[in-house]
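Protein chains in written order, with the numbering used here: chain A, 708 to 823; chain B, 2 to 115.
Subject to a maximum C-alpha distance of 25 Å in a straight line, what follows is the list of computed DSS-like cross-link-like pairs (lysine-lysine): (1) Lys810(A) / Lys67(B); (2) Lys785(A) / Lys815(A); (3) Lys780(A) / Lys818(A); (4) Lys67(B) / Lys21(B); (5) Lys810(A) / Lys777(A); (6) Lys785(A) / Lys762(A); (7) Lys42(B) / Lys815(A); (8) Lys15(B) / Lys67(B); (9) Lys780(A) / Lys762(A); (10) Lys810(A) / Lys42(B); (11) Lys777(A) / Lys815(A); (12) Lys15(B) / Lys65(B); (13) Lys56(B) / Lys810(A); (14) Lys810(A) / Lys65(B); (15) Lys42(B) / Lys785(A); (16) Lys785(A) / Lys818(A); (17) Lys56(B) / Lys67(B); (18) Lys762(A) / Lys777(A); (19) Lys780(A) / Lys815(A); (20) Lys810(A) / Lys21(B); (21) Lys42(B) / Lys818(A); (22) Lys810(A) / Lys762(A); (23) Lys65(B) / Lys21(B); (24) Lys780(A) / Lys810(A).
No lab work stands behind these hints: they were computed from the structure.
Given next are the chains, with one letter for each unit.
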Amino acid sequence: AQTVTQSQPEMSVQEAETVTLSCTYDTSESNYYLFWYKQPPSRQMILVIRQEAYKQQNATENRFSVNFQKAAKSFSLKISDSQLGDTAMYFCAFIPTQGGSEKLVFGKGMKLTVNP
Amino acid sequence: GAVVSQHPSWVICKSGTSVKIECRSLDFQATTMFWYRQFPKQSLMLMATSNEGSKATYEQGVEKDKFLINHASLTLSTLTVTSAHPEDSSFYICSARTPHQPQHFGDGTRLSIL
Chain A
708 AQTVTQSQPE MSVQEAETVT LSCTYDTSES NYYLFWYKQP PSRQMILVIR QEAYKQQNAT
768 ENRFSVNFQK AAKSFSLKIS DSQLGDTAMY FCAFIPTQGG SEKLVFGKGM KLTVNP
Chain B
2 GAVVSQHPSW VICKSGTSVK IECRSLDFQA TTMFWYRQFP KQSLMLMATS NEGSKATYEQ
62 GVEKDKFLIN HASLTLSTLT VTSAHPEDSS FYICSARTPH QPQHFGDGTR LSIL
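Chain B on its own, in the form it takes in the complex:
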């Protein structure tokens, strides 16, 4: 149980394009989803927390207009990297949870901007 699916697993795109990453909880309803960014050999850095039906709460230093988060249902959250540039290249991971349960993570998305 508690499977989180993240798609795509790897995406390469040109600078200036927008990229959407999906995060789905497959067998549970996630009241809260989280988006992280991870640089090589570093820990996970929380970007934002999203609750179904409300606006995401962004961490300090994360650009809201650059990283658009939508949590339209209890099983789906999306992260859109708008007008992506090479410095946005990174590994992005989502997680999902219900209250009083651990976060369960997706497999991550490797984003490469050329």
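In isolation and in its complexed conformation, chain A is listed as follows:
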């Protein structure tokens, strides 16, 4: 079975600081995608960043970057220069690229609060 684990249910950080959100996953697949989605209080699901497993280079999107450790099955999200608008639930998610499954496997989520 494929699982995604976010072990920290909640974190807080001061504005302008850096914070790292952890995520581990379990799969026997060799090719897959990993995602971080953000869900602010408005409850929209917003794609923050994605990583393809066959790419060794860590993905970056402006202030957001990942630390992808394939052997350890770890996929952490680093948010630099935190802003108040980063306050949200963050979900780590996984999807295999082969095998026909189109289903995203989500972690339980982590609530991030950025304090002024």
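With the hints as your guide, set chain B onto chain A.
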């Protein structure tokens, strides 16, 4: 690009009525659409996967007759909650994708059954 529109955003109705929620991909053709349910402070729970022109595939434990899904075109899927009851009150979110692309989510529908 990749905008998914979901309507309505909030609906309140009486117990026993049926409610239809629409999910549209505005600027792309979605081969697959997904319907999720989310309880407060929890993750998204997949209800069903629908491919255009074919029957939806429901997850275990989801009642097919209660949650009717129609995916009549590459840009529209609908979820109808039939004979809704208070326990069906929840936040429902759709998503849409094309092959090898991430899922893009609608803004969700808050359903309240009185």
